[in-house]
Every structure is written in C-alpha cells, then in structure tokens.
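Mind docking chain Y on chain X? Use the hints.
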Amino acid sequence: MRNLLRRAGIMAALVACVVIAGCGSTTEYWKPDTVVEETVMAPPRTEISRTAGWLEVRRTQSVEETRRPVERMQLLHEKLVSTVAWDDLGMVVMYILGSVVVLAIYVFLYASAWDGGDD
Amino acid sequence: MKTLALACCLLLAGCTTTSWVEETNVTRATGQPTVRQVDRPLAHQTLQLTTTLEEDGFVIDRRIHTGDEGVARINLLPVALQRMVYGRDVKLTLWSYDDNRFVHEDLVSEARAAEIVAQWRIQCRLGTRTPLRSSEAALLDRAIGAAPDPETAQALREIKLKVDLRPDWE
Chain X
8 MRNLLRRAGI MAALVACVVI AGCGSTTEYW KPDTVVEETV MAPPRTEISR
58 TAGWLEVRRT QSVEETRRPV ERMQLLHEKL VSTVAWDDLG MVVMYILGSV
108 VVLAIYVFLY ASAWDGGDD
Chain Y
2 MKTLALACCL LLAGCTTTSW VEETNVTRAT GQPTVRQVDR PLAHQTLQLT
52 TTLEEDGFVI DRRIHTGDEG VARINLLPVA LQRMVYGRDV KLTLWSYDDN
102 RFVHEDLVSE ARAAEIVAQW RIQCRLGTRT PLRSSEAALL DRAIGAAPDP
152 ETAQALREIK LKVDLRPDWE
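Chains X and Y, in that order, give the protein sequences.
Quick note on my numbering: the first sequence kicks off at 8 and runs consecutively.
Quick note on my numbering: the second sequence kicks off at 2 and runs consecutively.
Treat the hints as calculated values from the structure; they're not laboratory data.
Please read these numbers as outputs of a predicted model, since none were measured by experiment.
We put the beta carbon where it would ideally sit given N, CA and C, even for glycine.
Among the hints, a few may not be true.
Unchecked claim - Not everything, but these chain X residues come out facing chain Y in the computed CB check (under 7 angstroms):
#1 P51
#2 T67
#3 E72
#4 K86
#5 V88
#6 V99
Chain X with its partners taken away, still in its complex shape (with noise of 0.2 angstroms):
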C-alpha cells in the first residue's frame, strides 16, 4: 500500500511537471489605435527664399490624409520557458571532461616514470 502509494505520488508528480510545462495561454484585447492614409494630391513642390546671403529650398508635396479610428486586435502570449543556461552547463561538463583527461594523463605519466620505489 505504502509503495503503491508512493509510486502514484512520483506518478502524479510527473503528470504535474508535464502539464506545468506544457501550459500556456493566449488572450485578445482589443487596444485603441489609428490608421492613417495618405493620397497624394498633387507633384512635389518647390519653394524658394533668400535670407540674407542664403538660398532656402523648401520641399513639400500636398497630401490628403485619412485618419480612421479603430481598436486593433492584439494578442497576449504567456508562456513557461526554462531559464537554464545549457551553453554554460555544456562548457562546465567540457572543463570536468578535460580535467579528467589532464589528471589520467598526469597519473599515466607519474606511474610511467615511477620504477617501483627499489632504491
């Protein structure tokens, strides 16, 4: 019983895990907004001033402009996401692989070199 219990603890914790991971919603809400539109209504122009030794050139061109007001549909998204920093954690798995390597090459040579200890 007591194993049977334990065993749908682990179970159902694994479940929760899985659900908590797998989760994640996504809301509309409509914000304000405007859509503006712009017609040309005619070439670009040129206007010309002198102002004390200077030459001013003034480019505008005649637009009409529609602003509509709307409310845009925007999407919220909520997610889990894992926080772990798995390149960090391949490079410290990396620094112990190589540390092994170093220290069984260290001992192969100590005991490469060592002849017994028979003075």
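Leaving out everything else, chain Y in the frame of chain X:
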C-alpha cells in the same frame, strides 16, 4: 520513474513564465474617419546644385539634401564670388533626383552678387562664420583682386577674416 520525476521537477524549477504581445492586422472601426489636406515636408531629398561652367573649368557642383523639415539651405556667397571673378552672370540650377527634373533656376547678376556680398558682410560683422570650401576660398582671394571698387574689396576682406574652411567632400 522516480529519477525521471526528480529530473522533471529540477528542470521545472529552472523555468519562468514569460509573456509577449503580438500585434495583428485585424481592426474594427470605432468612429468616423477624418479627412484633411496637409502639406507634407519632403525630407531627405537629394538636389544637385550647379552653376555656369567657366572657361577654366571652374563650376560649383554639389549635392545637397533636405532635412527633416524638407528644407535645404544653400550659401550664395560662392555663386556671387564666381560672378565677381569671371565677370558674367552666373546661372544657378537645382536638379531634383526624386522628381528627375529641374526645380529651380536663378540668375546671379552683378547687382545681385554685390547684394549677397553686402549681406554676408553684415553677417560676418555680427559674428557669423562663412563656410567655404578650399576652391571657393581661393575664389574669394581672386575676387578681392578683381573687386570693382574699394568698398567691395574691403567687404570681401572682412568676409575672409570669418571664413570657416570646409573639406571638399562635405
């Protein structure tokens, strides 16, 4: 199974929730549209300024750009100096690369050149620096020698004191 559950719990402990907003193209109207006519400044347009080509090859030929407000400013002093040195009216043209046509033409006569020099003299007396390229500054020296009267020569000397040399590529 126990190990797997433990591993999952550990992994889950390193997780956090995150959220982000995705903007869609779906809209719904909430009011009546408003229409108005506006004069929009044409920013960052390229214009080519060119003056009359002289016999010795001298010409003012440069690209200018309009700013955020659609305005470009052109210093007329070099054009006036060209008129004084070469002794004939200088035609100034502005070519628009965006429209692919000439947008302005102007003729700088002797009287107009004298007026520009007089205006720059006042500006220099008020402390304004005169931005000139090296070729234009050389033209200023020549204009002092070719000045029609001592008053104009004096005005050009005053302007020379306030010249701010600019590199040719600027």
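Quick rundown of the hints versus the structure:
Annotation: interface hint on P51 (chain X) holds; nearest CB of chain Y at approximately 6 angstroms, less than 7 angstroms. For T67 (chain X), the interface hint holds, since its Cβ comes within 7 angstroms of a Cβ in chain Y; the closest pair sits about 4 angstroms apart. Interface restraint check for E72 (chain X): the shortest CB-CB distance to chain Y comes to about 5 angstroms, inside 7 angstroms, so the restraint holds. A least Cβ separation of about 6 angstroms between K86 (chain X) and chain Y falls short of the 7 angstroms threshold, and the interface hint therefore holds.
The interface hint given for V88 (chain X) holds, since its Cβ lies 5 angstroms from the closest Cβ of chain Y, which is under the 7 angstroms cut-off. With a cut of 7 angstroms, the hint placing V99 (chain X) at the interface with chain Y is violated, because the nearest CB-to-CB distance is about 14 angstroms.
In terms of the numbered hints stated before, the structure departs from hint 6 and from no other.
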